[in-house]
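Peer 1: Given chain A, put chain B in place with the hints provided.
Number of protein chains: 2
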Amino acid sequence: MLREFVMAEKPEDEEFSLRLKEARDKLFASQMKIKEAGLPVMVIFEGWGAAGKGSVIGKIIQNIDPRFFRVKTFPKPSKEELRYPFLYRYMKEIPEQGKLAFYDSFWMGEVTNARMEEVLSDEEYEETIESINRTERSLVDNGYLVMKFFFQIGKKEQKERLEKLLDEKNTKWRVSKSDLYENKHYDDCMEVYDRYLKDTNNPTAPWYIIDSKDKKFAELQVLEFLNQGIETATKNRGLAAPILQNTFPLKKTPLLKEVVLKDKVLTDEEYDEKLKALQSELRELHNKLYRKKIPVIIAYEGWDAAGKGGNIKRITGALDPRGYEVLPIASPEPHEKARHFLWRFWTRLPRTGHIAIFDRTWYGRVMVERIEGFCSENDWQRAYNEINEFEKELTNWGAVVIKFWVQIDKKTQLARFKERQANPEKQWKITDEDWRNREKWDQYEEAIDEMIKKTSTEFAPWYILESVDKKYARIKALEIVIEQIRKACDAKD
Amino acid sequence: MLREFVMAEKPEDEEFSLRLKEARDKLFASQMKIKEAGLPVMVIFEGWGAAGKGSVIGKIIQNIDPRFFRVKTFPKPSKEELRYPFLYRYMKEIPEQGKLAFYDSFWMGEVTNARMEEVLSDEEYEETIESINRTERSLVDNGYLVMKFFFQIGKKEQKERLEKLLDEKNTKWRVSKSDLYENKHYDDCMEVYDRYLKDTNNPTAPWYIIDSKDKKFAELQVLEFLNQGIETATKNRGLAAPILQNTFPLKKTPLLKEVVLKDKVLTDEEYDEKLKALQSELRELHNKLYRKKIPVIIAYEGWDAAGKGGNIKRITGALDPRGYEVLPIASPEPHEKARHFLWRFWTRLPRTGHIAIFDRTWYGRVMVERIEGFCSENDWQRAYNEINEFEKELTNWGAVVIKFWVQIDKKTQLARFKERQANPEKQWKITDEDWRNREKWDQYEEAIDEMIKKTSTEFAPWYILESVDKKYARIKALEIVIEQIRKACDAKD
Numbered sequence: 027m028l029r030e031f032v033m034a035e036k037p038e039d040e041e042f043s044l045r046l047k048e049a050r051d052k053l054f055a056s057q058m059k060i061k062e063a064g065l066p067v068m069v070i071f072e073g074w075g076a077a078g079k080g081s082v083i084g085k086i087i088q089n090i091d092p093r094f095f096r097v098k099t100f101p102k103p104s105k106e107e108l109r110y111p112f113l114y115r116y117m118k119e120i121p122e123q124g125k126l127a128f129y130d131s132f133w134m135g136e137v138t139n140a141r142m143e144e145v146l147s148d149e150e151y152e153e154t155i156e157s158i159n160r161t162e163r164s165l166v167d168n169g170y171l172v173m174k175f176f177f178q179i180g181k182k183e184q185k186e187r188l189e190k191l192l193d194e195k196n197t198k199w200r201v202s203k204s205d206l207y208e209n210k211h212y213d214d215c216m217e218v219y220d221r222y223l224k225d226t227n228n229p230t231a232p233w234y235i236i237d238s239k240d241k242k243f244a245e246l247q248v249l250e251f252l253n254q255g256i257e258t259a260t261k262n263r264g265l266a267a268p269i270l271q272n273t274f275p276l277k278k279t280p281l282l283k284e285v286v287l288k289d290k291v292l293t294d295e296e297y298d299e300k301l302k303a304l305q306s307e308l309r310e311l312h313n314k315l316y317r318k319k320i321p322v323i324i325a326y327e328g329w330d331a332a333g334k335g336g337n338i339k340r341i342t343g344a345l346d347p348r349g350y351e352v353l354p355i356a357s358p359e360p361h362e363k364a365r366h367f368l369w370r371f372w373t374r375l376p377r378t379g380h381i382a383i384f385d386r387t388w389y390g391r392v393m394v395e396r397i398e399g400f401c402s403e404n405d406w407q408r409a410y411n412e413i414n415e416f417e418k419e420l421t422n423w424g425a426v427v428i429k430f431w432v433q434i435d436k437k438t439q440l441a442r443f444k445e446r447q448a449n450p451e452k453q454w455k456i457t458d459e460d461w462r463n464r465e466k467w468d469q470y471e472e473a474i475d476e477m478i479k480k481t482s483t484e485f486a487p488w489y490i491l492e493s494v495d496k497k498y499a500r501i502k503a504l505e506i507v508i509e510q511i512r513k514a515c516d517a518k519d
Numbered sequence: 027m028l029r030e031f032v033m034a035e036k037p038e039d040e041e042f043s044l045r046l047k048e049a050r051d052k053l054f055a056s057q058m059k060i061k062e063a064g065l066p067v068m069v070i071f072e073g074w075g076a077a078g079k080g081s082v083i084g085k086i087i088q089n090i091d092p093r094f095f096r097v098k099t100f101p102k103p104s105k106e107e108l109r110y111p112f113l114y115r116y117m118k119e120i121p122e123q124g125k126l127a128f129y130d131s132f133w134m135g136e137v138t139n140a141r142m143e144e145v146l147s148d149e150e151y152e153e154t155i156e157s158i159n160r161t162e163r164s165l166v167d168n169g170y171l172v173m174k175f176f177f178q179i180g181k182k183e184q185k186e187r188l189e190k191l192l193d194e195k196n197t198k199w200r201v202s203k204s205d206l207y208e209n210k211h212y213d214d215c216m217e218v219y220d221r222y223l224k225d226t227n228n229p230t231a232p233w234y235i236i237d238s239k240d241k242k243f244a245e246l247q248v249l250e251f252l253n254q255g256i257e258t259a260t261k262n263r264g265l266a267a268p269i270l271q272n273t274f275p276l277k278k279t280p281l282l283k284e285v286v287l288k289d290k291v292l293t294d295e296e297y298d299e300k301l302k303a304l305q306s307e308l309r310e311l312h313n314k315l316y317r318k319k320i321p322v323i324i325a326y327e328g329w330d331a332a333g334k335g336g337n338i339k340r341i342t343g344a345l346d347p348r349g350y351e352v353l354p355i356a357s358p359e360p361h362e363k364a365r366h367f368l369w370r371f372w373t374r375l376p377r378t379g380h381i382a383i384f385d386r387t388w389y390g391r392v393m394v395e396r397i398e399g400f401c402s403e404n405d406w407q408r409a410y411n412e413i414n415e416f417e418k419e420l421t422n423w424g425a426v427v428i429k430f431w432v433q434i435d436k437k438t439q440l441a442r443f444k445e446r447q448a449n450p451e452k453q454w455k456i457t458d459e460d461w462r463n464r465e466k467w468d469q470y471e472e473a474i475d476e477m478i479k480k481t482s483t484e485f486a487p488w489y490i491l492e493s494v495d496k497k498y499a500r501i502k503a504l505e506i507v508i509e510q511i512r513k514a515c516d517a518k519d
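Chains as they are written, first to last, in our numbering: chain A, 27 to 519; chain B, 27 to 519.
Looking at chain A on its own, in the form it has when it is part of the complex (with noise of 0.2 Å):
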C-alpha cells in the first residue's frame, strides 16, 4: 500500500485556504452530531517520525471543545503494562459514545517496533495481526467510527527534518534513537509498515495514507477523511453487522435439565476433610503461580441463590489477599454502558501472576441483556464470537481461564428465597428482582443453554457446579481451580 502510495497533489492557494476553513468549520460541526448520535471515534494516527503528527494533532483538536475529546499517546509500555496483554493498554483507552479519542501511535507502533527489533517471530506477527483485526472488527461492529492515518514522508525528507531538529538545542530532545534509526533503514522500515498497513486494511476499518510534506496540507487531508468518516459513521448508527461462525473448538456440553443434582451430596465431615486439604493445596499452588507470573480469571454465573458467595469464600480462604482480587460485577455504570461491553472487563484484568475472581461476568450480554432487551439481538448474537475472541486473547496472553456456573433447581431456589426472607440477616440478600428473575426461569434457562454451548470452547470451557448441596458444590469448584491452575505451572517450567 504505502510502496505504491503516490504522494497527493496540494491544491492552489485559494482553493486551500478555502477547503481547509471549511473542513475545519465541519469538523467544529460535526461534534454535536457526534454527541447526539452517541457515536464513539476514535482517530488513530501512526508513520514515520518527524513525520508531523504532532503537530497536526494540535492543529485538529483546536475545532473540538476540551470536553469532547482527549489525546492519548502510547510510549513503550512499562514494566507494569507488560503484565498485562497486548490488548489491553489499548482497550483501556477506548473512548465512550459522543466522543473523540485521538491517538499519536495506536497498537500498530508497538507492533512495528516489535518487528524491526526482531523480538516477534513470524507466527507471533500473524497471531497479533489477527488480534487486532479481530478488535477493530468487534470496535467497529459495536458501533465504533475507527478512522486509521499513516503519515507519510520520503527518505530525504525524513533526513532533513530530522537534522533541523538536531541543529537546534530547544528540538533536540525531540529527535529519539528510533527516529534516526528508522531514517537510516528507511527501506527495511517501509517493507515492515507497507505489510502491517496491508495486513490490517480492513473495508470497516480503512487506511488513509497522508500525504506529510507540508503541515497544513497533511491537517487538511485528515480533516476531510474524518468529515466523511463521521459523515458515514453517523448516518450508520445502530447498524446490524455480520454474525460470523464460531471458528474455534467446542466442547460438548449438556443441557441444563440434563444435569443431575441429585446425590451430589457431601456429609459435613468428608466436606471439611477435602475443604482442609485442598485450600492447603491452593495455597501452595498460589505462591507457584505468582513465581510462575501466571495470570488467573475465575469466572462464576449462576441463578439467585445458587451459593456463589460462599463457593468464592472457600476459594478466596486459600488465598493470599495481595494476590487476589474478587470483582463484583452489578449493571454497568453509565460510563461504562458508553463503551464497548467488554471494556468494563479489560480494564479488570488481574496482573500476571494474580488471580481475578469474577461474580457475574460479561455473560450477561447474553443473559440478563438478552432477555431485558437492554442490547440489540443483532448485539448479543454477536457476542458469543466476541466474548470467545476476548477469552481467547487471555488464554494466548497465558491466562488460566475457569468459568462456573453454578446450578441448582427451581425448587432449591425457591426454598432459599423463602429461608433468606424469613431470616433477617439474609433479608438484604433477596430483592424484588429476584423474583422477577425467577419468574422468567425458563427464559433464562434457554439463554443459559445456548450460553453455554456456544461458549465452551477447548481454551476456555464452562465447568457446571452442582450447587443444591452448596458443600458439594465448593469442593468441586477447589478441585477444578486446583487442576486447571497446577496444569498451567506444570506447562511452564
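Among the clues, some could well be false.
In this list, chains with the same sequence are indistinguishable; a pair is considered to hold if it fits within one copy or across any two.
Said to hold, decoys possible - Heads up, simulated DSS-like pairs for lysine-lysine below, C-alpha to C-alpha not over 25 Å straight-line:
#1 277 to 181
#2 98 to 61
#3 288 to 85
#4 47 to 283
#5 239 to 480
#6 277 to 242
#7 479 to 47
#8 102 to 319
#9 480 to 47
#10 47 to 102
#11 61 to 261
#12 36 to 239
#13 224 to 480
#14 59 to 261
#15 288 to 479
#16 261 to 363
#17 36 to 283
#18 185 to 277
#19 203 to 318
#20 278 to 480
#21 242 to 190
#22 513 to 182
#23 185 to 479
#24 47 to 278
FYI, nobody ran anything at the bench for these hints, they're computed from the structure.
Peer 2: Chain B in isolation, oriented as in the chain A frame:
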C-alpha cells in the same frame, strides 16, 4: 481457517427436526422480506468434490418461489468466455434487487483450480485476490448480501463417496477427473483452499464453513447462516459505507474553465487531409489489434451538443463493422437499475481484439445521478474509487481504455441548441431535458471537474477534446486513439 475447522456437532434427532423445520419456514418467509427490502442476495457454494453442494442447493431452493431465485453453475470457462476479463462471466450473473442467486461454485473454483494446475503465478494470484476482494467489497457497499459457504469433508469420506459413485453406472458420470485429482492430492488442495479462504475472509462478506458429512445437517447449517445473513442485511438496507482513499496514481488535470478553446481550429483543407490520413492509419491498426487480441474501450462524455456523435462517426468510419460496436447509454432500464451500477457496463464489454465505443458511460453515476439525486451522496462519493477499480480491472486485463471529455463553452451550446431548434431535420436532437440540464451548467461543471480530477488515473486518464470547432476535436480524438492503440500493439509483440 479450514485447517483449524472443527466439525460441528449434529444435534439430537428431535432438536434437529425442529430446527430444520424452523429454518426452512424462516427462509420461506424471508423471500417476501427480501423482495420488500429490495435486497439482492448472492449465495455462493464452494467446497470439495462430492461434498454435496448440489444436493443441498436442491433442497434449499424448494423453500423459495422460482420467481425469486436463479441457480447458476460455472463450468470451466469456454473459449469465448476467455476473451473477457476474469470477473466478467461472474459479474454478468449478479442478481437484481429483491432476488436470490445461488452459485454452485463461483470465482473461487476458477482461482483454486488454476492454482492447483500451477498456471497462476504468485503475483497473478495476489492480483486476482485483490480483484475479488475489491469486487466483493463493492457489491456489499452497493447493498448486496454476499453469503459464502465452503463445504468441508475429510479425505477418507471423500474417497468413499467417490468410490460409491464410480461403482454405479448411473452415477459414474458425476465423478470428474478433478474430483479424483482432488482426493489424491487432498493435502495440497487443502493448503490452496485454506489460503484462499483466509485471503478472502472479509468482515463484510465472511466465509462459513459447512461440515458436510451429513447432507441434511449441511442443509441445516446453510439455512441457519443464510437466514441470519438475510435478517442482518434487511436491517441494514440503505446503510452508508466508508469512502476509501484513492490508491491509484493520478495525473494532473486542468479545470474545465482553464481549458483553452480559442484557436483550437482547423481549416477545411487541413481537416480533410488529416482525416483521410488518420482514418487510413486507424484502419490498418484495427487489423493489428484484432490479430493481437487487444480489447479497446473508448468512452465519450461531454456537454449536450458538444459533438460527440459526429466525433464517434469519424472513428467508426475507419473501422471494420465486424470489429467494433457503438453503445449508446441512456438512463438505466428497471432491470439495470436493480443491479450494481456497473453491471450494465460489465455486460457490454468488448471481446479481446474488439473495440467498444460508449456514447455516455458509467460516469453518469457522478454526473447526472449525483446532480439529480438518483443515488445517495454516499453512493456517488464511493463511485470514484469504484470506477477507478473497474477501469483497473479493464487495463489489467490488457484493455486500452480511452476516455474523452468533449468540451465546449456555454455560448457555443446555446448557438447549437438554437440551430437545432430552427432546423427541422435536427429538431429531434434537442429536448426539454437538454434545456433543463443547461440551467444546471454550473452544478455540472463542478461535478465534472471533480470527476476528471479523481478519475484521471495513469492507466485510464481523461482526454479533453476542444470541440468549439468540431473538426479540431475529431482530428484530436483520432490522433489519441491511434497513439494509444499503437502503444498497446507495440507493447504486445
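Peer 1: Which hint numbers does the structure go against, in order from smallest to largest?
Peer 2: Violated hints (numbers, rising): 3, 10, 18, 19, 22, 23; every other hint is consistent with the structure.
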